[in-house]
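Novice: Letter by letter, the chains look like this.
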Amino acid sequence: MINFQYVRASTVKEAIGTLAKAGDGQFIAGGTNLVDLMKRGVTAPQKLIDINNLPLKDVKSDKTSITIGALALNSDVSENELIIKQQPLLSMALKSGASPQLRNMATVGGNMMQRTRCPYFYDTAMPCNKRKPGSGCGAIGGYNRMHAIFGTSNQCIAVHPSDMCVALTALEATVTVSGPKGSRKIPFGDFHKLPGQNPEKDNILQKGELIESVSIPENDFAKNSYYLKLRDRASYAFALVSVAAALSLDGQTIKACRLAMGGVAHKPWRLSEAEKFLAGKKASAENFEQAAKLSMAGAKSFGYNDFKLKMAPAAIVEALSKASGLS
Amino acid sequence: MKPEDTSNEKPHRHIKHTERRDFLKKSSLLTAISLAPGSLIKAAEAELDEKFASALEQLPLSIEVNGKMQQVNVEPRVTLLDFLREQLQLTGTKKGCDHGQCGACTVHVDGKRVNSCLSLAVMHQGKKITTIEGLANGDELHPMQEAFIKHDGFQCGYCTPGQIMSAVACINEGHANSKDEIREFMSGNICRCGAYPNIVDAIADVKNGGQKA
Numbered sequence: 001m002i003n004f005q006y007v008r009a010s011t012v013k014e015a016i017g018t019l020a021k022a023g024d025g026q027f028i029a030g031g032t033n034l035v036d037l038m039k040r041g042v043t044a045p046q047k048l049i050d051i052n053n054l055p056l057k058d059v060k061s062d063k064t065s066i067t068i069g070a071l072a073l074n075s076d077v078s079e080n081e082l083i084i085k086q087q088p089l090l091s092m093a094l095k096s097g098a099s100p101q102l103r104n105m106a107t108v109g110g111n112m113m114q115r116t117r118c119p120y121f122y123d124t125a126m127p128c129n130k131r132k133p134g135s136g137c138g139a140i141g142g143y144n145r146m147h148a149i150f151g152t153s154n155q156c157i158a159v160h161p162s163d164m165c166v167a168l169t170a171l172e173a174t175v176t177v178s179g180p181k182g183s184r185k186i187p188f189g190d191f192h193k194l195p196g197q198n199p200e201k202d203n204i205l206q207k208g209e210l211i212e213s214v215s216i217p218e219n220d221f222a223k224n225s226y227y228l229k230l231r232d233r234a235s236y237a238f239a240l241v242s243v244a245a246a247l248s249l250d251g252q253t254i255k256a257c258r259l260a261m262g263g264v265a266h267k268p269w270r271l272s273e274a275e276k277f278l279a280g281k282k283a284s285a286e287n288f289e290q291a292a293k294l295s296m297a298g299a300k301s302f303g304y305n306d307f308k309l310k311m312a313p314a315a316i317v318e319a320l321s322k323a324s325g326l327s
Numbered sequence: 001m002k003p004e005d006t007s008n009e010k011p012h013r014h015i016k017h018t019e020r021r022d023f024l025k026k027s028s029l030l031t032a033i034s035l036a037p038g039s040l041i042k043a044a045e046a047e048l049d050e051k052f053a054s055a056l057e058q059l060p061l062s063i064e065v066n067g068k069m070q071q072v073n074v075e076p077r078v079t080l081l082d083f084l085r086e087q088l089q090l091t092g093t094k095k096g097c098d099h100g101q102c103g104a105c106t107v108h109v110d111g112k113r114v115n116s117c118l119s120l121a122v123m124h125q126g127k128k129i130t131t132i133e134g135l136a137n138g139d140e141l142h143p144m145q146e147a148f149i150k151h152d153g154f155q156c157g158y159c160t161p162g163q164i165m166s167a168v169a170c171i172n173e174g175h176a177n178s179k180d181e182i183r184e185f186m187s188g189n190i191c192r193c194g195a196y197p198n199i200v201d202a203i204a205d206v207k208n209g210g211q212k213a
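So the protein sequences, as listed, match chains P and A. Numbering-wise (this note's numbering), the first sequence opens with residue 1 and increments by one. Numbering-wise (this note's numbering), the second sequence opens with residue 1 and increments by one.
Treat the hints with caution; some may be incorrect.
Which residues of chain A face chain P? A partial, calculated answer using Cβ under 7 Å [stated by the list, open to error]:
#1 76
#2 154
#3 179
Below are the DSS-like pairs computed for lysine-lysine, each with C-alpha atoms no more than 30 Å apart in a straight line [to be verified]:
#4 95/A <-> 13/P
#5 57/P <-> 112/A
#6 60/P <-> 112/A
#7 128/A <-> 60/P
#8 13/P <-> 127/A
#9 68/A <-> 85/P
#10 47/P <-> 179/A
#11 47/P <-> 150/A
#12 300/P <-> 47/P
#13 127/A <-> 60/P
#14 39/P <-> 179/A
#15 68/A <-> 57/P
#16 39/P <-> 95/A
Computed far set for chain A versus chain P, every beta-carbon distance over 10 Å [to be verified]:
#17 69
#18 99
#19 166
To be clear, the hints were calculated from the coordinates, so they are not data collected in a lab. This one's a predicted model, so the numbers in the text were calculated from it and none came from an experiment. Cβ atoms here follow ideal geometry from the backbone N, Cα and C, with glycine treated the same way.
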């Protein structure tokens, strides 16, 4: 690992100020992805600003929302009683991610900031527009079994690896960030971006900004939520396809529905058409299949990931069936 | 060897020695510079010696390992795993993949299991670390260590320290209520020999025996 300067910040202001002064610096929280990237030479910041002492670890609730500090651990949030009771979809998604050891280190903010697990991004001998803009994409025409089927560009077909972010997209969370120019709020679904012509940027955070918290508005999805994750082994693997399904039911009628997928795009992929279609309809296998069919419009595969064109709609039907209690 | 022979060669040897040392010094300096960030190289052109020293800067660290307070200096890039193995000679914690994928490096930080390979030592200022060496009470094995022996929970043994540290935490977290739950919450520890059924039996035994893990 290339050496770097290391400093600890104790307040949000200090952290932001230190980063602004450091030419090439990065915040470090859990480090589960950043340390790995530094070991492999994918990234080599000159300065690391340790933000673990910042007071951003709490999970708080008020009448209309639950707010999770950016430094809350993935394990703590997944076991939090309030989250399990009111937002079980988030707990399920978190528990399906990584391993217990990694969840004990990884933070909510760090989970959002993790990079893709595309092998061409990690292998510095290979071309990758995300790692080195303009060098090409090894995955297009390469071994692309784990790669995207939605929202791809001719520059990049990588996927965002998070499970947590898929649930937070479905739950319409809001991200609060602070930077040298002050604070702002970002709808979770807008936080990550599609690759387009600048895949080196994963999200819309501006230079020097720090994630402070994520808020989930109150909802009535708790009874009918399900996070389905399909992967190469039973546990501890990134998703081939995952589906976050949350329903609000009145008997068998769907009052409202939220759907998002993981493992299929450069960002958590919201299924808005399917949500609109299902609103007001009966929770039935036929309607779920129709919703899945609508969700696949525009899907495009790249050879080794052709199977996702069949796996994704089947996963949508399965997640909806589990969430609604049909299966 | 005759004394006069030695004295005859002395000046010659001395010169050779100095040259080699000088060469090593220069070449290691060049290696360090080639590994250093860009701005550092620019700054180094001005005040090479001073900047060279700061590139290899060591930070003070107070850390408790297996009940013993350690006051040490570490480079920021040293992982907790390398610190334990190389600086404290606690080689019970194993380096498997070194990328957080196998769990062989699992240790407890303030009672929580973590992958020590993905954590920088300097990030653990004031923390309490427990490694496999700190689990037994003198000659008396920890119940989980005994259970692994009883159930033959290993073959080659390389993953075992990580498995045992993870297993102890798995029970303490309350995630060992069924064999399925044990399997799910032990999924961060890979065993290439495939001793999984016996590892699960060992954990279930400790859990059901009501022994404090």
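Novice: Evaluate each hint against the coordinates.
Specialist: Structure-based check of all given hints:
no.	hint	in the structure
1	76	holds (4 Å)
2	154	violated (19 Å)
3	179	violated (13 Å)
4	95/A <-> 13/P	violated (37 Å)
5	57/P <-> 112/A	holds (16 Å)
6	60/P <-> 112/A	holds (23 Å)
7	128/A <-> 60/P	holds (28 Å)
8	13/P <-> 127/A	holds (25 Å)
9	68/A <-> 85/P	violated (41 Å)
10	47/P <-> 179/A	violated (45 Å)
11	47/P <-> 150/A	violated (49 Å)
12	300/P <-> 47/P	violated (40 Å)
13	127/A <-> 60/P	holds (26 Å)
14	39/P <-> 179/A	violated (36 Å)
15	68/A <-> 57/P	holds (28 Å)
16	39/P <-> 95/A	holds (14 Å)
17	69	holds (20 Å)
18	99	violated (5 Å)
19	166	violated (7 Å)
In the structure shown, a violation is registered for the earlier hints numbered 2, 3, 4, 9, 10, 11, 12, 14, 18 and 19, in ascending order.
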